[in-house]
Every structure is written in structure tokens, then in C-alpha cells.
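Chains as they are written, first to last, in my numbering: chain A, 1 to 303; chain B, 1001 to 1275.
Please note: incorrect hints may appear among the correct ones.
[What the hints assert, rightly or not] Partner residues are not named here, just some residues of chain B that face chain A (Cβ under 8 Å, in silico):
1. 1020
2. 1056
3. 1066
4. 1124
5. 1125
6. 1168
7. 1221
Simulated from the structure, these hints should not be mistaken for lab results. Beta carbons: idealized from backbone N, C-alpha and C, even for Gly.
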Amino acid sequence: MSPSKLVSLSEAVSRWVPDGAAVAMGCAFEALIPFAAGHEMIRQEKKRLTLIGPISDILFDQLVGAGCVSRIQAAWVGNVITGSAYPFRRAVEEGRLKVEDHSNLTLAMALKAGAMGLSFMPARTALGSDLFQTNPGLKTLTCPFTGQTLTAVSAICPDVAVVHVQRADALGNSHMWGNLGVTREACLASRHVLMTAEEIVDSEVLLSDPNRVVVPGFRVSAVVHAPWGAHPSPVPGYYNRDHEAFLDYQKQSRTPRGFDRWKEKWVDPVGKGYRYPELLGKDRMEALMIQHRRPSVPVDYGY
Amino acid sequence: MEDAYTPVELMVTAAAREIADEEVVFVGMRIPLLGFLLAKHTHAPHAVGVYELGVVRDTPAPSSILTMGDLPNLSGASWLANTDDTMGLLQRGLVDVSFIGGAQVDRFGNLNTSYIGGWRSPGTRLPGSGGACDLACLAKRHIIVMVHERRRFKKRVDYMTSPGYGEGPGWRAQAGLPRGGPSAVITTLGIFRFDEDSCEMVLASVHPGVSVETVRSQTGWPLKVAPHLLQTPVPTEAELAVIRRFDPEGYWTGSKKESIPFVEEARSRKKKNIP
């Protein structure tokens, strides 16, 4: 019997996200963003992180605002429903943050190369664009078979991929459904995987549907029970997107003082015991719950 | 007799009319998303939507959404997969049309969504490419949706996030791009097409109440005008009903006070009443 990987959020972040780590997050785009884990990095005052992800919504902006980040490798950083994000803008414009500009496809290929144990992956995107000026991980190459010009995307192998899933067991097997984005590649490319989950379930539940397992348990270093751990982003089967939270954050983060007030309200009080659901409150959680259930029909893996 | 409509509703309608039935459409957010939904409900019921986060759906989401990852957009999808799956469709050449927005555009349709004032010491940092660069490089054609202001319509963009026709004829092929290029630019003032020989943006249609002089004054290069200049058709009542069904609070189309910068700028032009 393998040992349990189930630990508290603070233990997991303390052990697997050291200062200076390269961290992949937000790999499922607008859904399943690991806000709980990101906020724990803010509480632990992590420094000099490199953040890796396609779009991240506001999570990258929050870590930048809290002073945790020195470098970002991403296709887009902002607030999806409003546009530009203020702390990110301030940090880049004041020269405090390095950005390596990807497109969604080049970022996916960088992680794919990492996942496949390759030094690069070819792509046909970005050719002629200025992404080549602001990302040393993009070069052109000539296809040895066709002579076509291709983009070579240098591999990214994060120190840790932080992912939020619907359910996991104590060994790190997990079910994730919805749009997966680059989650699978990120988990396979990373040295470690830190997994937060809405529910901890028996292994039997996960083994009943192995197609839905996002990455095999042996690749996972820590499992954390973090209900509402992706709020305000949506989690298929659990809760909807909390648009108001994104709008509130946009207003508050306009100034550094406002950002601090947001952090004092939503990050600091959660503490070591992970009291986020209490902070969120029953009414707000109820309003976000799934209204129209649509369970899938089970499949048969028998023999 | 037409209803009152907002400038953004006019743009959504124009975007929808760029989509033909049975086309595979790479759908972005905001105006393009509404344009796709409108097309599905009017002249293009068999259009298929592909979303960069790994979603394919051929029916509209069952209720209104603000991001493509909202749960109604996943419920009843025809395929939930990975980014490289949907990006693979695009890279293989299976996407007919895509839509992208930008902060700056130039006369060859190059777009900037990354740095204002150049990247070495940017005056303003914008969010970046997301999937825009991929859509501009790899779709069979793409359509640009923009607020029309002189500071945005530049002779040359400060940074080329998403290539249009680069520096003119032949540039895309020389760069190694397999296909594509912008086919139209839909702005708050008019609709533009690209000259086949020069690859330059040409004013093809002005929105009701907008003069060619106004468009010229808001454009940072000597703008060419099509010999048969059209007036953009206004949205029909049926089209407006569909748009308002999917944007019931006017979050994107601008009938609600609290809203996004894009809508705020467009809304400064206020609702128009067409006699």
C-alpha cells in the first residue's frame, strides 16, 4: 500500500513551492484555476516565482500584486471579462517583471515538448510576429523534410504544476472533467504535481473511470482537500463562475492600496486552517451552485 | 421600422454576417461570441464553433455566458478536449474563419495587443496574445473587431502580436505562414476589406450617420475608399432579439451602466435611434 500524499494546503505549498520555483497554474484556462493554492503562496510570501500558464485569468495578477513573481511565461495576463489587469501592468511598466510572450499554441507546445522529453516542438504559428522579439524560447527552423519555415518552441519543464481537480484519492489519482486546456501536458512536463481537490474520494471511484484520470497518481507529489479551491473560477459539476468577484477585484486592484485591501479581505483571513468556504458564506455559495444537473451515462470497463 | 440599437449591437450584427453556413468558426469572446451565436440563430444554423480552451460545440450554450469556460458553454458540448486538439484543427487548416480584437491595427491589418510604445520600455503593457496570434496565423481568414480611434489606427503598430499582411504582398508566405490573412475589419465607424493586390485596408462600408471624413480623421494613414462605398445595414428586430437573449444585461453590448472598457468607449457614442 503506497503512503498517503494527503497534506494540508499550507504544508503542500511550503514544501513544493519554494522561493524561486517555476510554477504552472491556470492550465485549464477560465475554469478550475487553483486560486486556493495561489493565495496560500501569497500568505507564505513566496518570492521570485516564475509563473507559467496560457491565460491565468486574475490569479497571476494577484501573485504579481503581492510581490511573489519575477518572471511570467504566458500567452495572456489580465482579467478575462474586463481586459487589462492593474498590478501586472504596473509591474511590467515599472520594469519589475520579466515577461516571455507566448501564444496559446506556443505555450501548449512548450509544455508538450517538456511532457515528451524533447528540447522543443515545432509549430506553424507566430511566424513573422514580434513574439520572437520578446520570447527567447522561440526560434525559426527549416523542416528537414519539406523545407518549410517552422517555429521551434523551446521546452518548458516547470518545477511544479499546481492543478485543481474535481475529485482525487490520497494517492494522487484524480478525475478532472470539462475543458482541460494544457493541464495534462503541464502535469507531465513538471517535476512535481501539487493537486487540490473539491472532494477526496476512495480510489475505487477513480478506478471506475480511468479515462477521466488527468495524470497517473505516481506523478503527483501532494494532494490537498480544498473545497471551493477554484473560486471564483468555475468547476464543472460543482459551482459556476462568480463574475462579481472578478469585477470587484478589478475595481479594488486599481491602486496598490486597494489591492492590499482586497488581500486583507480575501487572502489573509483564510489562514492555515483553510477557512475559505466560511469566508465566502453560505448565501454566496448557494447562488453559485449547479442549477441544471446533467450527469453523464456511465461507461463499462468490464471484461 | 427598426428598434433602437447600440453601436456594439451593430458590430455584432456585422460580425455575424461574415459567417457562412456550415463554416468552422474559431470563436473568441465578447463581440465575436455574440456574432457567432447570432449567425447560428439566423443564416448559419450549421456553423460549428471551436474554442481555444478545448471546446467544440454546434449548438449555442443553453444560457448566457461571460467567458468561454463558463459551465453552460461546456454543458452539451460536442467535444471537450485539450488546447492542442482544437489548436491542431486550426494549424491543420480546418478552421474557416476566426475573430480577434486589438488595441492597435495598421494598414496591413497587423494587430498589437501586447505593448503600447514598443516593448523595450513599454508605456502601456496590454494582456498579450492569448490565442489571437494563432488565429491570425492559421485560420483560412480572420476578422478584426476594433474601436475606431486615431491612436489605435496607426501607420505601423508598435508591436506585431498577430500578423496581418505584414509589410504587404507576399510577406506572409515569405515568413512561412501557411495560409490566411485578415478579410475584414469591423470597427465602431465602418467595415474595411483588404485590396487583393496591395494588401492594404480599404473602407468598404460606413455605419449609419458616419461620414467618410470622420473615418479618415480617425485613421492614422491616408485611407483608401472602395469605389462602391456601402452603408452598413442596421440590425433587424429579429437580430436584436437574439443578441439580447444572449446578452440580457447588455454586459457586452452596452445597455448596462457598469461594464467593460471597450463597451464604455463604444457607449460614449450612445444609443442611436433610427427613424
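Each hint, compared with the structure:
The interface hint given for residue 1020 of chain B is broken, as the beta carbon of that residue sits about 25 Å from the closest beta carbon of chain A, more than 8 Å. Look at residue 1056 of chain B: its Cβ only gets to about 10 Å from chain A, farther than 8 Å, so that hint breaks. Because the closest C-beta pair between residue 1066 of chain B and chain A is about 5 Å apart, less than 8 Å, the hint holds. About 7 Å separates the beta-carbon of residue 1124 of chain B from the nearest beta-carbon of chain A, less than 8 Å, and the hint is met.
A least Cβ separation of about 4 Å between residue 1125 of chain B and chain A falls short of the 8 Å threshold, and the interface hint therefore holds. For residue 1168 of chain B, the interface hint is violated, since its Cβ never comes within 8 Å of a Cβ in chain A; the closest pair sits about 12 Å apart. With a least beta-carbon distance of about 20 Å to chain A, the hint placing residue 1221 of chain B at the interface is violated under the 8 Å criterion.
The structure fails to meet hints 1, 2, 6 and 7 from the earlier list, while all remaining hints are met.
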